[in-house]
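All chains should be modelled from the sequences, with the hints used to inform the complete structure.
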Amino acid sequence: MLHLINESPFESNSLDDCLKYAAKGSPILFFEDAIYGAMAGTSLEEKIKMVLADHDVYVLKEDLAMRGVDQLVTGMKEVDYPGFVGLVEEHKTASW
Amino acid sequence: MLHLINESPFESNSLDDCLKYAAKGSPILFFEDAIYGAMAGTSLEEKIKMVLADHDVYVLKEDLAMRGVDQLVTGMKEVDYPGFVGLVEEHKTASW
Amino acid sequence: MNEEMEENEEVAKLMIVFRSAPYGSIYAFEGLENVLIMAAYDQDISVLFIDDGVYAIKKGMDTTATGIKNFSPTFKAMEAYDIEKVFIDRTSMEARGLKLEDLVVEPEVIESDAVEKMMEEQKNFFMF
Amino acid sequence: MNEEMEENEEVAKLMIVFRSAPYGSIYAFEGLENVLIMAAYDQDISVLFIDDGVYAIKKGMDTTATGIKNFSPTFKAMEAYDIEKVFIDRTSMEARGLKLEDLVVEPEVIESDAVEKMMEEQKNFFMF
Amino acid sequence: MKFGILITEGPYQHEASDSAYQFAKAALAKGHEILRVFFYQDGVLNSTKLMEPQADDRHIQKQWSALATENGIEFIVCVAAAKRRGINDTVTAEGFKIGGLGMLTELAIEADRVVEFRA
Amino acid sequence: MKFGILITEGPYQHEASDSAYQFAKAALAKGHEILRVFFYQDGVLNSTKLMEPQADDRHIQKQWSALATENGIEFIVCVAAAKRRGINDTVTAEGFKIGGLGMLTELAIEADRVVEFRA
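Chains as they are written, first to last, in the working numbering: chain A, 1 to 96; chain B, 1 to 96; chain C, 1 to 128; chain D, 1 to 128; chain E, 1 to 119; chain F, 1 to 119.
Calculated directly from the structure, the hints in this document are not laboratory data.
Every residue gets a Cβ at the ideal spot worked out from N, C-alpha and C, and that includes glycine.
Any given hint could turn out to be false.
Listing some non-contacts, in silico: residues in chain B with all C-beta distances to chain D over 12 Å [said to hold, decoys possible]:
1. Asp17
2. Gly41
3. Leu52
4. Lys61
Simulated crosslink set (DSS-like; lysine-lysine; CA at most 27 Å straight-line) [claimed, not checked]:
5. B:Lys77 with C:Lys99
6. F:Lys83 with D:Lys69
7. B:Lys61 with E:Lys2
8. A:Lys92 with A:Lys24
9. C:Lys99 with A:Lys92
10. C:Lys76 with F:Lys83
11. E:Lys49 with F:Lys83
12. C:Lys99 with C:Lys85
13. A:Lys92 with F:Lys30
14. B:Lys24 with B:Lys49
15. E:Lys83 with F:Lys49
16. C:Lys76 with C:Lys13
17. A:Lys20 with C:Lys85
18. C:Lys85 with C:Lys117
19. D:Lys117 with E:Lys2
20. B:Lys47 with B:Lys92
21. F:Lys30 with F:Lys2
22. C:Lys117 with C:Lys99
23. A:Lys77 with F:Lys62
24. D:Lys69 with F:Lys62
Dropping the structure here:
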């Protein structure tokens, strides 16, 4: 199952909620304001590294560019909209 | 300063954000979905008790009734809308 | 599309997941409307309450002071609509100070690690 | 109301507080529009960035792929509008991985315990 | 006291508009003056007379219109926010006027308190 | 694959509608079929032809209408959600049709994937 996270993890608990249910190995996509969770050098970086140990975590390129975020936590995978569609082809999708 | 919190503290960090800035003694009002933070017996009860040590915390009666919440963390003060107006008479107001 | 469906498809497993508190936003209310409409389609419907969605079925709501429509009694109509697969996540319920007797319906309690599996089993599901 | 104001009132201290990230919701954008309008009224205007609002003034935004309007250059117009009191909360900035050189404007850094005091000093303020 | 109210969310989707309405009624009942209610962002959607809620639910626009006309309160719908969302004077209901964002600044200058109702 | 899209937020206030639009374009470009886009809750507000954003911003309704007509995709605006928010067939733009909530269930039955764009 692909989990879609679109809120800033600084302001919303939707990532934590998702992690309670997501099986090890299930991919997660950060887009919209959730992309701040993918940024290197924030207070959430250690937490995100722990998420990366159990999940492939993708981040949407177009939303990164829009927000001027270019330094990512090591291990995050960038996808564009066609890549987003590709993930949805492969997985059922939960929007948190 | 009166701080207005209207989001569920289970899903949003707006209470934590507010507490970073609120001076000891500044009152806080929980209304709308924030009233779940006032409920007794939740996993947030200890945290709310710590907030109560530094702040008067009010909870809006009409929003409690609407959500069927009747058991409150000890020390929470109930106000109705006229009481809400009274708090705003006394304090400048920040809506988180 | 309805006719095409009847020709081509088996009964589909569909699920509505409630994860928002009532009244603060309309997600829970419009989720419930969706459940009742879905029930008319003779499919295999499940309903799941997780996170703040567990508050949508709390007993004792009284909206008279605000004039907002109290929709919690409508959850009880699910049974009359033959919706029998109703589940609640144990950790969400317990963290939010609720017991089964606090609820207007009688969901089956499931563990959090069963949630994703239940989602995977559906043809499609919606989160409200 | 404008004329009455000019007769009856001293210059008022007013503040806009940015606390939302840009693009995910419109709060930051409409907050900025509000700042620029306020600047026309010859009052004592302050602007404060806290929480996710610090991301509203991050450098390097490029919205060409989505067609959404990039409003970050407009923050630079604040100076031309004589808005000189621009502040940022240190803990919000640091927790979110930003340094002053990452920002399109040059706010004065303040500590979190100065935020409420700054709000109290205003005649009125808005949070976006 | 002189109150102002700012609403940044639309009807039904969030409770903000309901809360603001209850607050406004309580403030008037306590003898306060409401100088202006300013509808900004999705708040502009409260003003449409095309709104037709279910018969057993509250009618948010009509509640607001009655409050404005019975108490002579000025309701301003921000023009730029409104245009972006499909609200213009062909759909605004009684009691709502479309106006500039400057009227929010003027409210902040004039009012003793401006209370913001948001998501 | 047969895709469905569900949108529960209005234009401009949240990014949901923009994200859904970009997703829909990318899905079509990869050769997928979009059976239906269903506009629910505040999502119904995407459909109003009265929308007039600033000239230098994207026009969300026109983007959607073009996508519908150029690709023959069915756009359904939920009737109950629409009425509550002041959307009826006097304001819906080209490409949008008002329909019942049952059409969302039908979409869930028919589509291989329904992706939900929300706040």
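Status of each hint after checking the structure:
Against chain D, the non-interface label of aspartate 17 of chain B is violated: not every CB pair exceeds 12 Å, the least being about 5 Å. A cut-off of 12 Å between C-beta atoms confirms that glycine 41 of chain B is not in contact with chain D; the least separation is 30 Å. Every C-beta of chain D lies more than 12 Å from that of leucine 52 of chain B, the closest at about 18 Å, which supports listing it as non-interface. Annotated as non-interface, lysine 61 of chain B keeps its C-beta farther than 12 Å from every C-beta of chain D; the closest such distance is 25 Å.
A threshold of 27 Å between alpha carbons decides the hint, and for lysine 77 of chain B with lysine 99 of chain C the separation of about 25 Å falls inside it, so the pair holds. Using a Cα cut-off of 27 Å, the hinted pair lysine 83 of chain F and lysine 69 of chain D is violated, with the two alpha carbons roughly 30 Å apart. At most 27 Å may separate the alpha-carbon atoms for a hinted pair to count; lysine 61 of chain B and lysine 2 of chain E meet this at roughly 25 Å. Between lysine 92 of chain A and lysine 24 of chain A the CA atoms are separated by roughly 16 Å; this keeps the pair inside 27 Å, and the hint holds.
Restraint check for lysine 99 of chain C and lysine 92 of chain A: not satisfied, since their Cα atoms lie roughly 31 Å apart, outside the 27 Å limit. Taking the CA atoms of lysine 76 of chain C and lysine 83 of chain F, the gap is near 26 Å; set against the 27 Å cutoff, the hint holds. Using a Cα cut-off of 27 Å, the hinted pair lysine 49 of chain E and lysine 83 of chain F holds, with the two alpha carbons roughly 11 Å apart. At roughly 19 Å between alpha-carbon atoms, lysine 99 of chain C and lysine 85 of chain C fall within 27 Å of each other, so this suggested pair holds.
Distance hint between lysine 92 of chain A and lysine 30 of chain F is fulfilled; the C-alpha atoms sit about 18 Å from each other, no more than 27 Å. Annotation: proposed proximity of lysine 24 of chain B to lysine 49 of chain B holds, straight-line Cα distance about 14 Å (limit 27 Å). Of the supplied pair hints, the one linking lysine 83 of chain E and lysine 49 of chain F holds, its CA atoms being roughly 11 Å apart against a limit of 27 Å. Restraint check: the Cα-Cα separation between lysine 76 of chain C and lysine 13 of chain C comes to about 21 Å, which is no more than 27 Å; the hinted pair holds.
A threshold of 27 Å between alpha carbons decides the hint, and for lysine 20 of chain A with lysine 85 of chain C the separation of about 22 Å falls inside it, so the pair holds. As the CA atoms of lysine 85 of chain C and lysine 117 of chain C are separated by approximately 15 Å, the hinted pair is consistent with the 27 Å bound. Of the supplied pair hints, the one linking lysine 117 of chain D and lysine 2 of chain E holds, its CA atoms being roughly 23 Å apart against a limit of 27 Å. Between the alpha carbons of lysine 47 of chain B and lysine 92 of chain B the distance comes to roughly 25 Å, so the proposed pair stays at or under 27 Å and holds.
A threshold of 27 Å between alpha carbons decides the hint, and for lysine 30 of chain F with lysine 2 of chain F the separation of about 12 Å falls inside it, so the pair holds. A distance of roughly 24 Å separates the Cα atoms of lysine 117 of chain C and lysine 99 of chain C; the hinted pair therefore holds under the 27 Å criterion. Between lysine 77 of chain A and lysine 62 of chain F the alpha-carbon distance is near 33 Å, which puts this suggested pair outside the 27 Å criterion. At most 27 Å may separate the alpha-carbon atoms for a hinted pair to count; lysine 69 of chain D and lysine 62 of chain F meet this at roughly 16 Å.
Of the numbered hints given earlier, the model fails hints 1, 6, 9 and 23; all others are met.
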